[in-house]
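Trainee: Take the given structure of chain U and dock chain C to it, following the hints.
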Amino acid sequence: MTPDRIVWAVSIALFLCGFAALILRRQLLAMLLGLELMLNAANLNLAYFGRQWCDPGGWASVLWVLAAAAAEVVVGLTLILALSRSKETDTESLQELEG
Amino acid sequence: MTLAVFGFLAVIFALLLLFQRTLYGSAMCLLLVLLQVAGMFFAMGAQLLGLMQVLIYAGAIMVLIVVAVMAAPPKLHQLWAGYEAPPLTAALVLLMLGAELTLVLMGPGAIPLPPGEPAVAAARLERDMAALLFGKGALVTEIVGLLVLVAALAVTPGSEKGRA
Numbered sequence: 054m055t056p057d058r059i060v061w062a063v064s065i066a067l068f069l070c071g072f073a074a075l076i077l078r079r080q081l082l083a084m085l086l087g088l089e090l091m092l093n094a095a096n097l098n099l100a101y102f103g104r105q106w107c108d109p110g111g112w113a114s115v116l117w118v119l120a121a122a123a124a125e126v127v128v129g130l131t132l133i134l135a136l137s138r139s140k141e142t143d144t145e146s147l148q149e150l151e152g
Numbered sequence: 074m075t076l077a078v079f080g081f082l083a084v085i086f087a088l089l090l091l092f093q094r095t096l097y098g099s100a101m102c103l104l105l106v107l108l109q110v111a112g113m114f115f116a117m118g119a120q121l122l123g124l125m126q127v128l129i130y131a132g133a134i135m136v137l138i139v140v141a142v143m144a145a146p147p148k149l150h151q152l153w154a155g156y157e158a159p160p161l162t163a164a165l166v167l168l169m170l171g172a173e174l175t176l177v178l179m180g181p182g183a184i185p186l187p188p189g190e191p192a193v194a195a196a197r198l199e200r201d202m203a204a205l206l207f208g209k210g211a212l213v214t215e216i217v218g219l220l221v222l223v224a225a226l227a228v229t230p231g232s233e234k235g236r237a
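Read top to bottom, the protein sequences are chains U and C.
The opening residue of the first sequence carries number 54 in our numbering; numbering runs sequentially from there.
The opening residue of the second sequence carries number 74 in our numbering; numbering runs sequentially from there.
FYI, nobody ran anything at the bench for these hints, they're computed from the structure.
Watch out, some of these pointers could steer you wrong.
Said to hold, decoys possible - Cβ-Cβ distance ranges computed for the label pairs, FRET-style:
| id | chain 1 | residue 1 | chain 2 | residue 2 | range |
| --- | --- | --- | --- | --- | --- |
| 1 | C | L178 | U | I76 | 32 to 42 Å |
| 2 | C | M179 | U | A135 | 39 to 49 Å |
| 3 | U | R138 | C | V223 | 21 to 31 Å |
| 4 | U | A135 | C | A204 | 39 to 49 Å |
| 5 | U | W106 | C | L167 | 19 to 29 Å |
Small disclaimer: the values here were computed from a predicted structure and weren't measured.
Backbone N, C-alpha and C fix where the C-beta goes; we use that ideal spot for every residue, glycine too.
Just chain U, same shape as in the assembly:
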């Protein structure tokens, strides 16, 4: 199995697991963890093909994605914690918007 195929197989598997966590799990926090999996699957491809084609843009994108993921987790966690104070953090109970 060539390195290309290994990276493809692993990134597809990680992306599908993250997507499944996003769809199947009912807890907001578990969905956030699923999102992180999907981001990492994309990072794998960016890093690998950045090196194979000697293009620094791939590696630079990984660093940008890392920073954006940090910002995303900060805001996501705050929303989840704020929700857990007033309501459930179960997507079943979060049906209506309040204005």
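Mentor: Showing chain C alone in chain U's frame:
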């Protein structure tokens, strides 16, 4: 071979993440996936990315998730608690991580480049990346940095209101 080992373990832990009953178990599985991805970066020859992955993802983000939920109200706690990693499992995981660290440090090194690709171009890649980050791509770098700052600032009022 190193790439395959890390990749296989990453997929195993990603699947385990799906079927964990408690959030704590899911978070620990994600932490292990992140470490395997860092190992893959090292196997690819991207040492800086591997270190950043360990520092930012496995370090900062996972610690933020674990600490934030531990400080969360009781409701979230019940979903979080109830997970005791049996000592044998914990020992095995630590053993595995130790073996992986040895594999990264003493292993066969980065995967070979495709034939005909000048190795010097790959060796220069990290320097070219730095030039791109702070040269042509400086605007994107600044925007992403600003994004992190705005996210941190956006959090503060929200948590204050919650506590009042």
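Trainee: May I ask you to test the hint 21 to 31 Å on the CB atoms belonging to R138 of chain U and V223 of chain C?
Mentor: 23 Å, holds
Trainee: Could you see if the CB distance from W106 of chain U to L167 of chain C stays within 19 to 29 Å?
Mentor: Since the Cβ atoms of W106 of chain U and L167 of chain C sit about 37 Å apart, the hinted range of 19 to 29 Å is violated.
Trainee: Given a hinted range of 32 to 42 Å, is it respected by the beta-carbon distance of L178 of chain C and I76 of chain U?
Mentor: 39 Å, holds
Trainee: Just to be sure I understand the hint, the distance between the Cβ atoms of M179 of chain C and A135 of chain U should be within 39 to 49 Å; is that true here?
Mentor: 47 Å, holds
Trainee: Is the gap between the beta carbons of A135 of chain U and A204 of chain C within 39 to 49 Å?
Mentor: 41 Å, holds
Violated hint for the displayed structure: number 5, the only one.
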